[in-house]
Structure formats: structure tokens, C-alpha cells
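Make the full structure from the sequences, and use the hints.
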Amino acid sequence: MNIGIDLLYVKHNKVGGIESYIRNLMDGFIKYADDKFKFYLFTSRDNYESFSNYFNSSNFNNILCNVKSSKVGKRLIWESLHIDSLAKKNNIDIMFIPVYNKPFFTFSGIPYITVIHDLQILHYPQYFSKIRYNWMKISWKNALKTSKKIIAISNYVKDDIINSFGIDPKKIDVIYNPIVINKNIKNDINFEQLKDKYNIEKDNYFYTVSSMAPHKNLITLLKVIHRINIENIDLPNKLVITGIGGDSKNKLLQFIDKYNLKDYVIITGFISNEERDCLYKNCKLFLFSSTFEGFGMPPIEALMNGIPVVTTKCTSIPEVTENKAVYVDNPFVVNEWIEKIKISINKNQNKEQFDKYDLENVSKAYLEQFISVSKY
Numbered sequence: 001m002n003i004g005i006d007l008l009y010v011k012h013n014k015v016g017g018i019e020s021y022i023r024n025l026m027d028g029f030i031k032y033a034d035d036k037f038k039f040y041l042f043t044s045r046d047n048y049e050s051f052s053n054y055f056n057s058s059n060f061n062n063i064l065c066n067v068k069s070s071k072v073g074k075r076l077i078w079e080s081l082h083i084d085s086l087a088k089k090n091n092i093d094i095m096f097i098p099v100y101n102k103p104f105f106t107f108s109g110i111p112y113i114t115v116i117h118d119l120q121i122l123h124y125p126q127y128f129s130k131i132r133y134n135w136m137k138i139s140w141k142n143a144l145k146t147s148k149k150i151i152a153i154s155n156y157v158k159d160d161i162i163n164s165f166g167i168d169p170k171k172i173d174v175i176y177n178p179i180v181i182n183k184n185i186k187n188d189i190n191f192e193q194l195k196d197k198y199n200i201e202k203d204n205y206f207y208t209v210s211s212m213a214p215h216k217n218l219i220t221l222l223k224v225i226h227r228i229n230i231e232n233i234d235l236p237n238k239l240v241i242t243g244i245g246g247d248s249k250n251k252l253l254q255f256i257d258k259y260n261l262k263d264y265v266i267i268t269g270f271i272s273n274e275e276r277d278c279l280y281k282n283c284k285l286f287l288f289s290s291t292f293e294g295f296g297m298p299p300i301e302a303l304m305n306g307i308p309v310v311t312t313k314c315t316s317i318p319e320v321t322e323n324k325a326v327y328v329d330n331p332f333v334v335n336e337w338i339e340k341i342k343i344s345i346n347k348n349q350n351k352e353q354f355d356k357y358d359l360e361n362v363s364k365a366y367l368e369q370f371i372s373v374s375k376y
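With the first letter of the sequence shown counted as 1, position 68 gets the number 68 in the working numbering; the numbers rise by one all the way through.
Quick caveat, the hints were computed from the structure, so don't treat them as lab data.
Mixed in with the good hints, there may be bad ones.
[Stated by the list, open to error] In silico DSSO-like pairs for lysine-lysine, Cα to Cα no more than 30 Å straight-line:
1. K364 - K11
2. K364 - K145
3. K342 - K195
4. K148 - K11
5. K68 - K137
6. K197 - K351
7. K284 - K324
8. K324 - K347
9. K11 - K202
10. K281 - K356
11. K137 - K158
12. K89 - K71
13. K170 - K148
14. K340 - K195
In this text the structure is predicted, and so the values were computed from the model without any measurement.
Structural data, given as C-alpha cells:
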């Protein structure tokens with residue numbers, strides 16, 4: 001069975017959790033797919049090198065496409081015009097689209113499986129241009145209508161799709177994201193390097209992993225840090241933020257500058273998984289202020305590392321964290337964040353287990369989908 005995986009959307013180190021999702025999943029395919037599965041990765045001129053490690057496996061092959069992922073408009077057009085015929089030329093049995101943008105022109109008869117991670121733009125249209133809003137709606141409708149199967153990454157997303165588009169629930173299956181925790185990090189060695197790099201102390205900083213998009217609500221966490229500092233509240237007074245940029249980046253930087261928080265808010269930008277995991281394991285508390293998530297990997301990663309989490313009750317977050325965190329009722333109220341932080345700060349947090357996010361379980365669930373769709 002030849003499985004094509006469309007990776008043209010991956011702008012390496014710039015698409016955050018969705019890139020982590022597909023790389024984790026392909027790691028799982030290497031480990032848990034038997035020899036009857038052959039994977040063909042459709043890569044672009046500017047991202048194929050980032051996937052080179054997969055080509056060491058005899059079950060993985062590269063199909064280099066004459067397009068750049070960074071040129072989004074041209075890439076989307078190229079995808080719709082060419083990827084289906086290219087799949088047919090390479091004898092692909094099933095095309096796997098890990099994001100919403102299933103090609104529009106698919107005449108080969110190859111069945112498609114498309115993953116929808118969220119419908120954020122329907123809920124926050126004010127953060128997007130009208131062109132992008134309309135494009136996303138058209139793309140979702142195309143994927144929902146023409147894919148043999150839709151994968152939603154949480155029950156929240158599945159329900160949202162059904163309520164928003166009226167699609168038959170039988171066409172949608174829920175498969176949660178795979179989460180991989182590196183249990184072999186030598187924390188003491190790594191943290192000594194990070195301690196000087198970021199001017200932080202072990203167990204004396206808050207941590208969050210988040211883009212700087214408006215719905216991530218990082219401005220509220222900055223206000224929390226400001227309040228802790230000006231009122232000398234007996235809590236850690238530093239916040240480390242790891243993640244890529246976003247539309248709120250300038251607003252956040254302006255707030256940091258206005259209130260002299262440069263020594264108290266550390267923005268790492270994109271970092272390696274090893275460095276990120278070390279920051280997880282040595283923080284005092286993990287804060288996740290997002291108001292919209294189709295899944296939300298970071299608070300689960302923190303809980304799996306044995307770190308207490310304070311987060312919101314918004315969208316999928318209580319579902320995927322299985323109510324194992326502490327939740328604020330109003331994500332925008334600074335006082336409530338501080339009270340919940342005080343409740344959580346000395347909490348004895350065990351390393352939580354989430355079997356449904358286990359790499360083997362998730363990988364095999366996708367492999368079962370490939371087998372099921374191939375029987376249509």
C-alpha cells in the first residue's frame with residue numbers, strides 16, 4: 001500500500017504544533033508500520049532537506065515538487081493543479097493530507113484522507129483578512145465534500161465541524177495528536193546552560209509554549225507578571241515564552257517595553273525539542289492562556305513531565321487535559337490567574353499518563369484508517 005503524504009504546507013520551524021504533529025506521526029510510522037506500507041513524502045524545494053532523516057528508512061521515499069512552501073499562494077495553486085496527477089504517476093494508493101488544504105482538482109480516483117485541526121477562523125474572523133476567511137471556508141467545504149475520510153483531532157473539533165457544516169458524523173473520526181516526551185534528557189547539564197542563557201533559576205520561573213497569535217491571550221500572562229512585580233507578590237516573577245511569532249508579537253513587545261518587563265519576560269523564539277523539554281522540567285508552573293484550541297499539546301506535555309498546569313476552560317482544553325490541570329473561569333481576569341497560580345504553586349504533580357496520545361496507539365489508529373479507506 002503506497003501512502004502519499006502531502007508535506008508542502010510545512011514551512012520548517014514556522015508552523016508550530018502542526019509541524020510537531022506530522023513529524024511525531026511519521027516517527028510513529030517508522031516504528032510501527034509493517035513492510036506493506038510504503039510512504040511517499042511530497043516535499044518542496046525549501047523543506048525537503050528537513051525531512052531527510054526519514055529517507056534512511058526503506059519504507060520512506062521522497063517526491064520532490066517544483067514549488068516552495070514559503071510561497072503560499074503559488075504553492076496552493078500548484079497543489080491543486082498538480083499533486084493529484086503526480087500521485088497517480090507514482091502509483092499512490094491513498095493520499096494523506098495532514099491539514100485542511102486538500103487539492104481541488106482530483107480526478108485520479110485516489111481516495112484522500114484529510115485532517116482538520118480546528119475551525120478557528122470561523123470563531124475569530126476579526127483576526128483574518130476577508131480573502132483568507134473566504135478561502136478557508138471554501139477549502140474546508142472542499143475537503144469535507146471530496147475526502148473519503150475526515151480526521152478531527154478532538155471531539156471538540158468534530159462537533160464544531162458538524163455544527164458548522166452539517167456534515168454526516170460518520171464521515172469524521174477522532175484521532176488525538178501523538179505526543180512524544182523525551183525521557184532521557186540530562187536535565188542538570190542542559191539546565192546549567194539555559195540558566196545563564198536566559199537568566200533564570202530552577203523552579204523559579206513560569207513557562208509557556210505558544211505562538212503570539214491573538215487568541216493565545218499572552219497579553220494576560222504579561223499582565224500577571226507585571227502585577228506580581230509591582231505588588232511584590234510572593235511568586236516567581238519571570239515568564240519564559242517559547243514559540244514562533246504571530247500577529248500579536250508587536251503588541252506584546254510594546255507592553256514589555258512600556259512596563260519595563262525585559263528582565264522578567266524571556267522570549268526564546270523557536271528552540272530544539274531538547275531545550276524546550278528541559279525548560280518544561282525545570283519550571284515552577286506551566287501557564288497556558290489560550291482561548292481557542294483544536295487540541296493544545298503544550299499543557300499535556302507539561303503534565304506528562306510532572307509540572308502543574310494552570311490553563312483555561314476554553315474549547316478543547318479541558319477535554320484533552322482530562323481535567324487534570326487547574327482552570328481559570330475567565331481567561332482575561334488577572335486576579336483569577338494569580339489566585340489559581342497560588343493554589344497550584346506548591347501542588348505535588350505526578351507525571352500524568354495519557355495513553356490515547358501514545359505514539360504507538362495514534363500511529364496504529366492512522367494505519368487502520370489507511371486500510372479502511374483502501375477498501376472503498
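Hint by hint, here is what the structure shows:
1. K364 - K11: It holds: about 26 Å lies between the C-alpha atoms, which stays within 30 Å.
2. K364 - K145: holds (26 Å)
3. K342 - K195: holds (24 Å)
4. K148 - K11: Satisfied, since the Cα-Cα distance of roughly 27 Å is no more than 30 Å.
5. K68 - K137: holds (24 Å)
6. K197 - K351: Roughly 27 Å between the alpha carbons, so the hint for K197 and K351 holds.
7. K284 - K324: Status holds; Cα separation ~17 Å.
8. K324 - K347: Holds. K324 to K347 sits at ~12 Å (cutoff 30 Å).
9. K11 - K202: This hinted pair is violated, its Cα atoms lying about 33 Å apart.
10. K281 - K356: holds (22 Å)
11. K137 - K158: holds (16 Å)
12. K89 - K71: holds (25 Å)
13. K170 - K148: holds (11 Å)
14. K340 - K195: holds (26 Å)
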